[in-house]
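**Q** What follows is the residue order along each chain.
Protein chains: 2
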Amino acid sequence: MPDTEEFVVTPYEVRGRVDYDRLREMFGTQELTGELLARLRRLAGGELHPLLERGIYYSHRDLGALLDAYEGGRPFFVYSGRGPSGPLHTSHLAQFDLCRWFQERLGVSMYIQITDDEKYWSRAGLSREETVRWGYENLYDILALGFDPKKTRVFFDSRSIAALYPLAIRVARKIPYSSVKAVFGLEPSANIGWIFYTALQSVPAFWPSWAEGKPVPCLIPCGIDQDPHFRLSRDIAEGLGFPKPALLHSRMVPGLLGEAAMSTTGSSADNALFLDDPPAVVERKIRNAFTGGRATVEEQRRRGAVPEVCSVWALWRTRFAESDERLRQVTDDCRTGHMLCGECKGMLLERVHRFYREHEAAREQAKAWAEGAIVTGPPAGAGV
Amino acid sequence: MPDTEEFVVTPYEVRGRVDYDRLREMFGTQELTGELLARLRRLAGGELHPLLERGIYYSHRDLGALLDAYEGGRPFFVYSGRGPSGPLHTSHLAQFDLCRWFQERLGVSMYIQITDDEKYWSRAGLSREETVRWGYENLYDILALGFDPKKTRVFFDSRSIAALYPLAIRVARKIPYSSVKAVFGLEPSANIGWIFYTALQSVPAFWPSWAEGKPVPCLIPCGIDQDPHFRLSRDIAEGLGFPKPALLHSRMVPGLLGEAAMSTTGSSADNALFLDDPPAVVERKIRNAFTGGRATVEEQRRRGAVPEVCSVWALWRTRFAESDERLRQVTDDCRTGHMLCGECKGMLLERVHRFYREHEAAREQAKAWAEGAIVTGPPAGAGV
Numbered sequence: 001m002p003d004t005e006e007f008v009v010t011p012y013e014v015r016g017r018v019d020y021d022r023l024r025e026m027f028g029t030q031e032l033t034g035e036l037l038a039r040l041r042r043l044a045g046g047e048l049h050p051l052l053e054r055g056i057y058y059s060h061r062d063l064g065a066l067l068d069a070y071e072g073g074r075p076f077f078v079y080s081g082r083g084p085s086g087p088l089h090t091s092h093l094a095q096f097d098l099c100r101w102f103q104e105r106l107g108v109s110m111y112i113q114i115t116d117d118e119k120y121w122s123r124a125g126l127s128r129e130e131t132v133r134w135g136y137e138n139l140y141d142i143l144a145l146g147f148d149p150k151k152t153r154v155f156f157d158s159r160s161i162a163a164l165y166p167l168a169i170r171v172a173r174k175i176p177y178s179s180v181k182a183v184f185g186l187e188p189s190a191n192i193g194w195i196f197y198t199a200l201q202s203v204p205a206f207w208p209s210w211a212e213g214k215p216v217p218c219l220i221p222c223g224i225d226q227d228p229h230f231r232l233s234r235d236i237a238e239g240l241g242f243p244k245p246a247l248l249h250s251r252m253v254p255g256l257l258g259e260a261a262m263s264t265t266g267s268s269a270d271n272a273l274f275l276d277d278p279p280a281v282v283e284r285k286i287r288n289a290f291t292g293g294r295a296t297v298e299e300q301r302r303r304g305a306v307p308e309v310c311s312v313w314a315l316w317r318t319r320f321a322e323s324d325e326r327l328r329q330v331t332d333d334c335r336t337g338h339m340l341c342g343e344c345k346g347m348l349l350e351r352v353h354r355f356y357r358e359h360e361a362a363r364e365q366a367k368a369w370a371e372g373a374i375v376t377g378p379p380a381g382a383g384v
Numbered sequence: 001m002p003d004t005e006e007f008v009v010t011p012y013e014v015r016g017r018v019d020y021d022r023l024r025e026m027f028g029t030q031e032l033t034g035e036l037l038a039r040l041r042r043l044a045g046g047e048l049h050p051l052l053e054r055g056i057y058y059s060h061r062d063l064g065a066l067l068d069a070y071e072g073g074r075p076f077f078v079y080s081g082r083g084p085s086g087p088l089h090t091s092h093l094a095q096f097d098l099c100r101w102f103q104e105r106l107g108v109s110m111y112i113q114i115t116d117d118e119k120y121w122s123r124a125g126l127s128r129e130e131t132v133r134w135g136y137e138n139l140y141d142i143l144a145l146g147f148d149p150k151k152t153r154v155f156f157d158s159r160s161i162a163a164l165y166p167l168a169i170r171v172a173r174k175i176p177y178s179s180v181k182a183v184f185g186l187e188p189s190a191n192i193g194w195i196f197y198t199a200l201q202s203v204p205a206f207w208p209s210w211a212e213g214k215p216v217p218c219l220i221p222c223g224i225d226q227d228p229h230f231r232l233s234r235d236i237a238e239g240l241g242f243p244k245p246a247l248l249h250s251r252m253v254p255g256l257l258g259e260a261a262m263s264t265t266g267s268s269a270d271n272a273l274f275l276d277d278p279p280a281v282v283e284r285k286i287r288n289a290f291t292g293g294r295a296t297v298e299e300q301r302r303r304g305a306v307p308e309v310c311s312v313w314a315l316w317r318t319r320f321a322e323s324d325e326r327l328r329q330v331t332d333d334c335r336t337g338h339m340l341c342g343e344c345k346g347m348l349l350e351r352v353h354r355f356y357r358e359h360e361a362a363r364e365q366a367k368a369w370a371e372g373a374i375v376t377g378p379p380a381g382a383g384v
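Quick note, the sequences are listed as chains A and B, same order.
Under the working numbering, the first residue of the first sequence carries the number 1, and numbering increases by one thereafter.
Under the working numbering, the first residue of the second sequence carries the number 1, and numbering increases by one thereafter.
Heads up, some of the hints might be wrong.
Per label pair, the in silico range of CB-to-CB distance [as the list claims (entries may be wrong)]:
| # | chain 1 | residue 1 | chain 2 | residue 2 | range |
| --- | --- | --- | --- | --- | --- |
| 1 | B | Thr376 | A | Gly258 | 47 to 53 angstroms |
| 2 | A | Glu238 | B | Gly342 | 56 to 62 angstroms |
| 3 | B | Ala280 | A | Ala182 | 51 to 57 angstroms |
| 4 | A | Gln30 | B | Trp369 | 54 to 60 angstroms |
| 5 | A | Ser189 | B | Glu212 | 30 to 36 angstroms |
| 6 | B | Leu257 | A | Gly125 | 52 to 58 angstroms |
No lab work stands behind these hints, which were simulated from the structure alone.
Backbone N, C-alpha and C define an ideal beta-carbon position, used for all residues, glycine too.
One chain only, chain A, in its complex shape (with noise of 0.2 angstroms):
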């Protein structure tokens, strides 16, 4: 658990100044190559998810083993969850964009998890009435990101408990508290529940290999710092017969405030935007937010600004910049000072709009299917 004088990084906390490089060695995943990037593009059918072209997601664990199953013809699945303590935002989605992208271009299945237990486990201050009602709100806007109804299943914790707990009977017994506390800081004061919850969090990894009665390799996209989460799921795969899942970590979206995540836990609401913002909220939050922008319009004029601080750069960068030519345009004319600020803001408000009005209707759309994509039993024949 990363924890220098200068950044924090823990499943729970994202603080200071991150050093990702650094962070990488003191984790110990390993670097997304070039070499790796170039197999990821030839068998996605020539593109990169920009996510992975601009370097976003820059670490894994596993991946390489993954992409040769692959090419053997053993297809794996992607999964990704979501604690659902309120609204969804931007920097959420990298996940799952990134998810729909592998199932778009290697037609995988995707498995969803919203952890409706382990947020009103985790936050005191939620009802489990909230958690629930978040839990069907997010997975709208996860849904409407673009999956496919056919090959997008859903673990929606209170509701899939049939369907998830055998697995977790089995997973449980392999992990002491001694190793929650060691991996997730849970002193002996947090509740039983909270502690537990880790074995449900790894279910779905394994899950595919138990309904299917063979290895079925899986493929988790997740900020860097859920990585030791999935270390534990990794440590005890194979010990219960299941491969270890391969993981792809990306770096955090930097928060409006120029905090070092788009977390909202105890700070200001307008560190993020949330999905459920009105456009009025946005544009403030945008005008609002923290740049790498001068002192003066004369001073950025001569000197230019600098991108790499700045949050508004950072949606460009992660979702908002449409193509990579885009993306250096916005940069090369942020540096150089041809664009201020505020002229880029409203470049990039136009886009936020879009989004927004376009996700409202995908959602309206999900909301259709989401339903029935929640399993609520265990696989036919899978045994006890």
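Since the structure of chain A is already known, use the hints to place chain B on it.
**A** Using the frame of chain A, we list chain B on its own:
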């Protein structure tokens, strides 16, 4: 957790010569007074179950308030459970015998929990297949005691998790790991399933209240060694909006080899009469059982024997004396030396063999309705 020089009693261990009155004081439970027994007798139509009449049940929590409510027109339900690690032995029947009596005499509903998950978590040597198989075997034995199919419902944990989990989520948030450590002595090396489990064990005590949307009182007959389990349930009940379950505590039935309880954990299988023992094994075990007899026939004829320390007398007292008159006679004949141990064992064996024969037939009938008694989903309209 009483742990004196003379005896130890915890939910996972009973050792030494238990002083039951002192244990009651140490646990802080109430005495099952003659007044309460008289009240029960009246409500039950003039008779008491032998386990009550003969003082096997000797302690309680809140039984008086439960009977007040019952007399005020608010029916309670009885709840008991079994961790399926192997075949039942005769002393396991005490709690279910009493439940059945309550059902028959007071018309109350019975909830049985089969904890196939917990036994997998707490016994490293057991496979899932074994705990599930024993779960069904044990369930048939329990139902065969004469429960009413119309008023008996079963939570078979791995099968009933969809029914239990919504409530378990709420219960688990109320229980810190530190409480589980204090009550059960579960160290940090214990697996997270075992730690979580106490939440699931509390759920049936609250489930009918949840299902009906109003307080439904609960009565749990159990060995006094299990009191700590349910003390935890009682501690959290009111914070969840449910009535505290009332408890009725029994003494432990001593083992055939003279141990404090008829347990088989860490001791010989000859310590207990298993319900699947063939007649010849039953006979051998009883013939070899530890008694309160004297070194020689001559001495026993002269001084008599000591029923209080005798494992065979305990069987007469807890289950096999068909009347209090019979028990009195056996006791007198033992104490005066009129009857020697061999003769006593022969008379007991007749009754034990008969019970086994009748039980086998009842068990076949129970199999026919067991599946239908298992609750597999949450109650309609009970909320999240």
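**Q** Against this structure, judge whether each hint is valid.
**A** Hint check results:
no.	hint	result
1	B:Thr376 / A:Gly258: 47 to 53 angstroms	51 angstroms, holds
2	A:Glu238 / B:Gly342: 56 to 62 angstroms	58 angstroms, holds
3	B:Ala280 / A:Ala182: 51 to 57 angstroms	53 angstroms, holds
4	A:Gln30 / B:Trp369: 54 to 60 angstroms	57 angstroms, holds
5	A:Ser189 / B:Glu212: 30 to 36 angstroms	34 angstroms, holds
6	B:Leu257 / A:Gly125: 52 to 58 angstroms	55 angstroms, holds
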